[in-house]
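> Respectively, the protein sequence lines represent chains R and S. Reminder that position 295 of the first sequence reads as 295 in this note's numbering, one-by-one numbering, no gaps. Reminder that position 6 of the second sequence reads as 6 in this note's numbering, one-by-one numbering, no gaps.
Don't read these hints as lab results, they were simulated from the structure. Any given hint could be a false lead.
What the hints assert, rightly or not - Cross-link-like lysine to any residue pairs, in silico, SDA-like; alpha carbons within 25 angstroms at most:
id, chain 1, residue 1, chain 2, residue 2
1, R, LYS288, R, THR243
2, R, LYS429, S, VAL82
3, R, LYS141, R, TRP466
4, R, LYS429, S, ILE5
5, S, LYS61, R, LEU483
6, R, LYS428, S, ALA90
7, R, LYS428, S, GLY12
8, R, LYS429, S, ALA68
9, R, LYS164, R, GLU225
10, R, LYS428, R, LEU385
11, R, LYS164, S, PHE73
12, R, LYS429, S, ALA14
13, S, LYS61, R, CYS430
14, R, LYS429, S, GLY86
15, R, LYS429, S, LEU70
16, R, LYS164, S, GLY12
17, R, LYS429, S, ASP77
18, R, LYS429, S, LEU11
19, R, LYS164, S, MET1
20, R, LYS428, S, LEU70
21, R, LYS446, R, ARG351
22, R, LYS428, S, ALA85
23, R, LYS164, R, ASP431
24, R, LYS429, S, SER62
25, R, LYS164, R, LEU490
26, R, LYS428, R, ALA88
27, R, LYS141, R, GLY445
28, S, LYS61, R, SER165
29, R, LYS164, R, LYS429
30, R, LYS428, S, LEU115
31, R, LYS428, R, THR389
Claimed, not checked - If you anchor each label on the Cβ, the simulated ranges turn out as follows:
id, chain 1, residue 1, chain 2, residue 2, range
32, S, GLY18, R, THR350, 37 to 45 angstroms
33, S, ALA125, R, THR350, 49 to 57 angstroms
34, S, ALA141, R, LYS164, 38 to 46 angstroms
All residues carry an ideal CB built from backbone N, CA and C; glycine is no exception.
Chain by chain, the residues run as shown.
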Amino acid sequence: MLPIDHILNGFSVAFQFHNLGFALLGCVLGTLVGVLPGLGPAAGMALLLPLTFGMEPTTALIMLAGMYYGAMYGGSTTSILINTPGEASSVMTAIDGYQMARNGRAGAALAVSAIASVIAGTFSVIALTLMAVPLARFGLKFGPAEHFAILIFSMAAVSSLTGKSVARGLFSMVIGLMISTIGIDLQSGMPRFTGGNLELQDGISFLVAAVGFFAIAEVLVNVEEHLRGNSTVLAIKGRLWLTAEEWRRSYMPIIRGTLIGFFKGVIPGGGATISTMLSYSLERSIHKEKEKFGTGMIEGVAGPEAANNAAVGGHMVPLLALGIPTGTTTAILLGAFIIFGIQPGPLLFTRNPDVVWGLIGSMYIGNLMLFVLNLPLIALFVRVLHTPTGILLPLILVIASIGVYSIDNSAQDLLLTWCFGIAGYAFKKCDIPIAPLILAMVLGGKMEQSFRQSMTISGGDPAILWSSWIAVLFLALAALMVLGPLVLRLLRRRRVAQATPAQ
Amino acid sequence: MVNVILALVALGIAALYGLGIAAIPQMMFGDVLGPTAYPRLLMILLIGVAGLLLVEGMREKSWAPARANLRAFLREDALTFVLAAGAVLAFFLLFRPLGYLLSTLLFLLVSMLVLYRGPRWIPVAVTLGFCGASYLIFVHAFGTQLPRGLLPF
Numbered sequence: 001m002l003p004i005d006h007i008l009n010g011f012s013v014a015f016q017f018h019n020l021g022f023a024l025l026g027c028v029l030g031t032l033v034g035v036l037p038g039l040g041p042a043a044g045m046a047l048l049l050p051l052t053f054g055m056e057p058t059t060a061l062i063m064l065a066g067m068y069y070g071a072m073y074g075g076s077t078t079s080i081l082i083n084t085p086g087e088a089s090s091v092m093t094a095i096d097g098y099q100m101a102r103n104g105r106a107g108a109a110l111a112v113s114a115i116a117s118v119i120a121g122t123f124s125v126i127a128l129t130l131m132a133v134p135l136a137r138f139g140l141k142f143g144p145a146e147h148f149a150i151l152i153f154s155m156a157a158v159s160s161l162t163g164k165s166v167a168r169g170l171f172s173m174v175i176g177l178m179i180s181t182i183g184i185d186l187q188s189g190m191p192r193f194t195g196g197n198l199e200l201q202d203g204i205s206f207l208v209a210a211v212g213f214f215a216i217a218e219v220l221v222n223v224e225e226h227l228r229g230n231s232t233v234l235a236i237k238g239r240l241w242l243t244a245e246e247w248r249r250s251y252m253p254i255i256r257g258t259l260i261g262f263f264k265g266v267i268p269g270g271g272a273t274i275s276t277m278l279s280y281s282l283e284r285s286i287h288k289e290k291e292k293f294g295t296g297m298i299e300g301v302a303g304p305e306a307a308n309n310a311a312v313g314g315h316m317v318p319l320l321a322l323g324i325p326t327g328t329t330t331a332i333l334l335g336a337f338i339i340f341g342i343q344p345g346p347l348l349f350t351r352n353p354d355v356v357w358g359l360i361g362s363m364y365i366g367n368l369m370l371f372v373l374n375l376p377l378i379a380l381f382v383r384v385l386h387t388p389t390g391i392l393l394p395l396i397l398v399i400a401s402i403g404v405y406s407i408d409n410s411a412q413d414l415l416l417t418w419c420f421g422i423a424g425y426a427f428k429k430c431d432i433p434i435a436p437l438i439l440a441m442v443l444g445g446k447m448e449q450s451f452r453q454s455m456t457i458s459g460g461d462p463a464i465l466w467s468s469w470i471a472v473l474f475l476a477l478a479a480l481m482v483l484g485p486l487v488l489r490l491l492r493r494r495r496v497a498q499a500t501p502a503q
Numbered sequence: 001m002v003n004v005i006l007a008l009v010a011l012g013i014a015a016l017y018g019l020g021i022a023a024i025p026q027m028m029f030g031d032v033l034g035p036t037a038y039p040r041l042l043m044i045l046l047i048g049v050a051g052l053l054l055v056e057g058m059r060e061k062s063w064a065p066a067r068a069n070l071r072a073f074l075r076e077d078a079l080t081f082v083l084a085a086g087a088v089l090a091f092f093l094l095f096r097p098l099g100y101l102l103s104t105l106l107f108l109l110v111s112m113l114v115l116y117r118g119p120r121w122i123p124v125a126v127t128l129g130f131c132g133a134s135y136l137i138f139v140h141a142f143g144t145q146l147p148r149g150l151l152p153f
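Only chain R is shown next, with the shape it has when bound in the complex (with noise of 0.2 angstroms):
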């Protein structure tokens, strides 16, 4: 089949009725989630997997994506209107959306975060499409040590550029790797920290963690923020369209928001949070009133949430080319394709077409169904915001529980998943970021695989982990990503010593 056959069958995969209703779904929910604060995609993400263990995996797969995008459209509603973002991506576009809406332009600045996000959304798709087979042969090359030292790589950038401290990304990092070493091993049969407990054999499912690091610690510290006062909800003015002079002011930043965003999504580590930082940053550094930037501009709306949007595309393409996911909400993503006993990586391509095709069809699908749906209902989503926080975080909890334990079926689970809530919420209150955790959940048996297979193959000898220069160059950028901020805070503290005067 030619490439382009493939890009048409997976069209008619994503057009299939059940399968639109379904990107449909996801993408509304995912708006809902992205406009309550508190509840980003990842939590949402890990709330809705077991409920969709009963359906075909495509179709699983296209609702989950939606609902990924989805929450990147909704998370700049409560930003705007709220000067809360929906989820941590959305913080950038807070600083100019709300002043916009203060000044009752709130319609404007709702109208370009659309705008933005749809032009950004497809143009990402297309990247996607065009980059993620080439990049998928180039992984064909890639044996059991580059497969290592590519994992390394992966979980060294999102340890380092998660959270204030490369040391407490580490931690949050290894501790995740621990708990992936529990259960059966698979190599020599034998269980490894279960305690003798039968339930643990089967390991603990990313799942399990993710619904307690996300759902349970979140629900958490909102009772303590709800309990201290609400936030207020600004009324949406003016019309929820652009001035032609708003949109001159808008479509560059657009462009350059967009580039950014999808080049930074395709490199692990820090989500589509740097990314909306690196472009609030190049419009406020270019621009000839720099001062105005915090008072309602437009520039510093279109540009990073354009970034947010793209970096979506860029996320897809190493996840489903390489099977690295580049943050939390690809790593929940990942463990759905796992769940679903598909392989993301070289293999996909050729192995699941319709799956993976099907998925990125829906992905141009679901872009336009967010830009036509968010516009027009945008007062309905908001209306989801003067949700009473008392009802809604009980209500949050038990869909929670409902989802761990229909994973299977076990009491346990949920005694886990209130331990890793427990465990999230001392994350959240020391600074530890918990994407880094999660992510090598996901990845800790497959890293121990390869690692394993590596030293087989060599008969116990570890050079062959730098035997190629594939491994040796993304074990450099491993180690450069966690030494470099390192070397360039201690550069940093000489430099200070040596301006101050000696006392």
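Based on the hints, put chain S in the right spot on chain R.
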């Protein structure tokens, strides 16, 4: 201060993990490393991370802000956290013995009545509506198996 505490926690976890490694039987058929080599590497890595955290912690100029944060948490949020976490734990423990409907009814009613500050009939109506609707949707539409507990359905 947080980094130093985390370093101690990491060392504690590494010690526990080490005990777990010692309990793994060594079987090395067709595997040059055996099932304990990779966990050993992770344990060493965690000890290294503990060292890094300790270095970062010792370099902190002052522990006063961290102490102030801890005091503020104990003063303002600790009780809320303990009560909320306790309520969730009670719900999870009762999920199977009481069954989905009864445990959810009890949990939603109590937590909404505590957290919601509006008219009392709203939490009652939402609880009843949600329990009924979610049971029908999950059990009958999605085919999810939820515990019956004390009820016959």
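> For a C-alpha distance cap of 25 angstroms, please report whether LYS164 of chain R and GLU225 of chain R respect it.
Given that 25 angstroms is the threshold and the Cα spacing comes to 23 angstroms, the pair holds.
> Would you mind confirming whether the straight-line C-alpha gap from LYS446 of chain R to ARG351 of chain R stays at or under 25 angstroms?
The hint holds at about 19 angstroms.
> For the pair we were handed, LYS429 of chain R and VAL82 of chain S, check the Cα-Cα distance against 25 angstroms.
With Cα atoms ~14 angstroms apart, LYS429 of chain R and VAL82 of chain S stay inside 25 angstroms; holds.
> Is the straight-line distance between the alpha-carbon of LYS428 of chain R and that of LEU115 of chain S 25 angstroms or less?
holds, 22 angstroms
> Within 25 angstroms, alpha carbon to alpha carbon, are LYS61 of chain S and LEU483 of chain R?
holds, 22 angstroms
> Please verify whether LYS164 of chain R and GLY12 of chain S have alpha carbons no more than 25 angstroms apart.
holds, 23 angstroms
> Can the restraint linking LYS429 of chain R and LEU11 of chain S be considered satisfied, given a maximum Cα separation of 25 angstroms?
holds, 20 angstroms
> With respect to the beta-carbon atoms only, verify the hint that ALA141 of chain S and LYS164 of chain R lie 38 to 46 angstroms apart.
holds, 44 angstroms
> Does LYS428 of chain R pair with ALA90 of chain S here, judged by a C-alpha cut-off of 25 angstroms?
The given pair, whose Cα atoms are some 23 angstroms apart, holds under the 25 angstroms limit.
> Between LYS428 of chain R and GLY12 of chain S, does the CA-CA distance stay at or below 25 angstroms?
Holds, at roughly 20 angstroms.
> Sort out whether MET1 of chain S lies within 25 angstroms of LYS164 of chain R, counting only the CA atoms.
Judged against 25 angstroms, a Cα distance of about 15 angstroms means the pair holds.
> Is the straight-line distance between the alpha-carbon of LYS61 of chain S and that of CYS430 of chain R 25 angstroms or less?
holds, 18 angstroms
Checked against the numbered hints listed earlier, the structure breaks none of them; every hint is satisfied.
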